[in-house]
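Let chain A serve as the given structure and place chain B on it in line with the hints.
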Amino acid sequence: MSSNFDRVLSSDDVLRRRSTLLQRLHIDGPLLLLLTTLGVVGLFVLWSAGGKHWGLLFKQATSFGIGLTAMIAIAQIEPRFMARWAPLAYAGGVLLLLAVEFVGYTAMGATRWINIPGVIRFQPSEFMKLIMPMTIAWYLSARSLPPSLKHLAIALALIGVPFALILKQPDLGTAMLILVSGAFVLFIAGLRWLWIIGAAAAAVPVAVGMWYFVLHDYQKQRIHTFLDPESDPLGTGWNIIQSKAAIGSGGVFGKGWLLGTQSHLDFLPESHTDFIIAVLSEEFGLVGVCLLLLVYLLVVARGLVITAQAQTLFGKLLAGSITLTFFIYVFINIGMVSGLLPVVGVPLPFISYGGTSLVTLMSGFGILMSIHTHRKWIAQV
Amino acid sequence: MPQPIQLKDHERDARLVRGRAIVGAIFVLLLTGVLIARLFYLQVIQYEHHSTLAENNRIHVQPLPPTRGLIYDRNGVIIADNRPSFSLTVSRERAGDWPAVLDTIVQVLELGEEDRALFEKRLRQGRRPFEPVPVLFELSEEQIARIAVNQFRLPGVEVVAQLVRHYPEGEHFAHSVGYVGRINEQELKKLDPVDYSGTHHIGKTGAEKFYEDVLHGQVGYEEVETNARGRVLRVLKHTDPVPGKDITLYLDLKLQQAAETALAGRRGAVIAIEPATGGVLAMVSQPSFNPNLFVTGIGFRDYSALRDSIDRPLYNRVLRGLYPPGSTVKPQVALAGLDAGVVNSASRVFDPGYYQLPGNSHKYRNWNRSGDGWVDLNLALARSNDTYFYDLALKLGIDRLHNYMSAFGLGTPVSLDLSEEATGLMPSREWKRINRRQGWFPGETVITGIGQGYMLVTPLQLAQATALVANRGKWVRPRLLKDADGMSPEQLMAAHLLEERETPPDIVAKNPHYWDQVTRGMIEVVHGARGTAHKVGLGSPYLIAGKSGTAQVVAIRQGEKYDRSKVRERHRDHALFVAFAPANDPKIAVAVMVENGESGSGVAGPVAKQVLDAWLLDEHGRLKPEFAPPQTAEVPSEQ
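Chains as they are written, first to last, in this note's numbering: chain A, 926 to 1306; chain B, 58 to 696.
Everything labelled a hint here was simulated from the structure, so no lab data went into it.
No false leads were mixed into what you were given.
Every beta carbon over 12 Å from chain B, so not counted as near; a handful from chain A, in silico:
#	residue
1	Val965
2	Gly976
3	Gly980
4	Thr994
5	Arg1009
6	Ala1016
7	Glu1026
8	Thr1031
9	Phe1047
10	Gly1085
11	Leu1092
12	Asp1096
13	Leu1104
14	Leu1119
15	Gly1270
16	Arg1300
30 Å max Cα-Cα, derived BS3-like pairs, lysine-lysine:
#	chain 1	residue 1	chain 2	residue 2
17	B	Lys539	B	Lys681
18	B	Lys539	B	Lys261
19	B	Lys592	B	Lys681
20	A	Lys1145	B	Lys247
21	A	Lys1093	B	Lys246
22	A	Lys1093	B	Lys247
23	B	Lys266	B	Lys644
24	B	Lys294	A	Lys1145
25	B	Lys246	A	Lys1145
26	B	Lys681	B	Lys644
27	A	Lys1075	A	Lys1093
28	A	Lys1093	A	Lys1145
29	B	Lys567	B	Lys452
30	B	Lys246	B	Lys261
31	B	Lys266	B	Lys311
All values derive from a computational prediction rather than experimental measurement.
Each residue gets a CB set at the ideal place from its N, CA and C atoms; glycine is no exception.
Just chain A, same shape as in the assembly (with noise of 0.2 Å):
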């Protein structure tokens, strides 16, 4: 009887009895099916933006094939690991944001770049979006919570190096994107209400002051160009006009895949990475967009669930930030194509073209379902 039991729970016996392919490869279903989905509506759409270029659809699915294997081979790391090697992992991303600082490569004004010649150019920004959130987490989940105000001040700290560091690069939307993820560590943890409402009311007055008594005038209208892209409508603003065109002229049907065509003449710039919705918007109209916008919050759904699942405190906090930030990226780029938003440059989850984004994106969904699959079995009786 008792050898029984001994052999009952075993956590050996219990996986076998309990596992899937899919759990032994420590990949969340769900989560795989969702995310695949999007890939083939961003192929689909890349196609029509891209006017049915074979070489950038190529060059996409490749780069989503590598997301896949990043996502998958990420899962296969166990939470606790990721925790013990968060602030080294933090420690040399800042290093690395420190030697762009210095030895950076430069293109297009903007030093975001290392680069070692005839071996690899990479953006040390790009790691930081994922180092962040872990580091935020690894952090406030060794301290009581909600987190005490020193504890608060010690995290913005942390947040507070790399954002200055990117932001100097300068690349606004990645420092942005960076400081949202240390954020959302911070409210998953409980961050006290008053001090949330706090911090949004002081940030008033702060930026009155400043633009009253700090800015220049040629900083007020760089300002002012940002935030109303539509007074220069020569520059920024041409493309919000003509994304607003089509994305209107799209209805509620769409005019059809392939169809489009404001996103055909040329009207539209960039339109098959940043401002790639207007074409989806144009082609699949309304119930297009807003069927893309349910699969986004099914992912969205998913890695709340997760997060609430997550055994450990760690799991919990880093779940939380990288699916909120998912969803800030989503809002953002819908928001600043349809003129809701300034425009800064930050793709669409998944259907924008570009490599690296959708390998950082796939990056964080492994840690996601490593935090989902790595469970004690006890948790699970």
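Chain B alone, transformed into the frame defined by chain A:
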């Protein structure tokens, strides 16, 4: 083993996180709602609007180019204005099969294959989609009528009225004010694409180039709805462009014309500067060309005629012409000698007609082979005695000579706002070591003392060096711009509208009296009985301080004599003359260079005199009241 208290903690944390996840979910749903509302607004409520714009019509943002600022001379005479002109524009996207449309244009207007190639080139440079690109300028009435009749065969082709730069004074200011021309590929890369989105022309040379940012203004725009054929149906939004600033130059049309008349068709350069302000009053480089040819694009044949002409009309002799300054730098060398203490006004040198370095048989000739006997500084300047200056230069040495001459701006860019100024060359030991890989020889110092050897200067540098003597060493950079909407060039630079150019340090003589001694020598040149240019000063109602010089075009071998009959015309010496006047209260400094004119005092001197007269005298040949001397004009007496 987890302790009970920690277990409780974990549970509390889990509750907290679950709570926040729910808040997060609500927040996600709310923001998604915002997005859907926005898309609903655009795609359902505004659907008609956007759909009309997209399907039947097109919205365009049309840049409205700013009006380029006008350029005036000091008296308000217009040097550069904008004239309405009709141009033919083609929009590639609206034209559809645009090469065929170009063929039709060429056929309708009966143009040639060369024009068609030009149209195609211009069209390929079009930047923004649907942008109408001007391909042909200054359409005649007949051409407009022909286009109108054939409009149905010419989709995307329009006749538009544009303002095009025009230079009413034609050739007079081609070398100073310059001209505008079509923006080329290289310029396009450097320009702000937004600010220049409606502009087709940019300053290419002269003040037009240097003051491009001031003259250009800021682009405006118009958001318009057009039909499928490109006709504007409705203006949705309109923002006016900010016109460029009008600028006033120091140049004086009458003086410019007088200087050109004085050159009487000879090739050469004249530059006149107001010493107190640095204002360039006249800037002549002859022969000149008609800048209007370049504005709308010069034809290949016209251009090669200008480019290949043996008289080189496109060559800006004032700024780019490099000449050995010859004797015209003797006043500056004299000041260097006085200031360094190697000579004084009383020290004398015996001139047997040549100069020899100790222990060397080479004879450095005085231009006057028979010699001038005992000469002091005053006589040396008046007679332009080479022997005296050979001796002075050797005593001074090349290092000090180089420093003094550089302080006078020789061999350095001197102007404040003239583009494309040549640097010239004031040789030094270091220069020779680097460029010739040789040490410096004393003999080279000797000939540098009379402005020969390696030394090369522009007429502008000569004028500035002369103005510096007139100003007693006070540096003011020569400039064209007097005023741009109430701003001086310095104010524009302070406001970062122009690149800054520092003013070199003033030349401070150890004894200010040295300036008087040099000036007195220069007055002797023109007014003294033995002065090389005494004919120039005859009957002048005001005192002139001047200096003649000749610049060798081809080297004469040792012992050989310059024989004009043997030298082809283009190899004859260039004649130089510098002057400022009135000598006791200088109002104008002039440098004249007559190519192959041979005699500085005989050919260039009278030109300088005519320029001075034109500036200082009224129509009755009397000194203008504003230039009247504070006391009676007199040659300052010897002390």
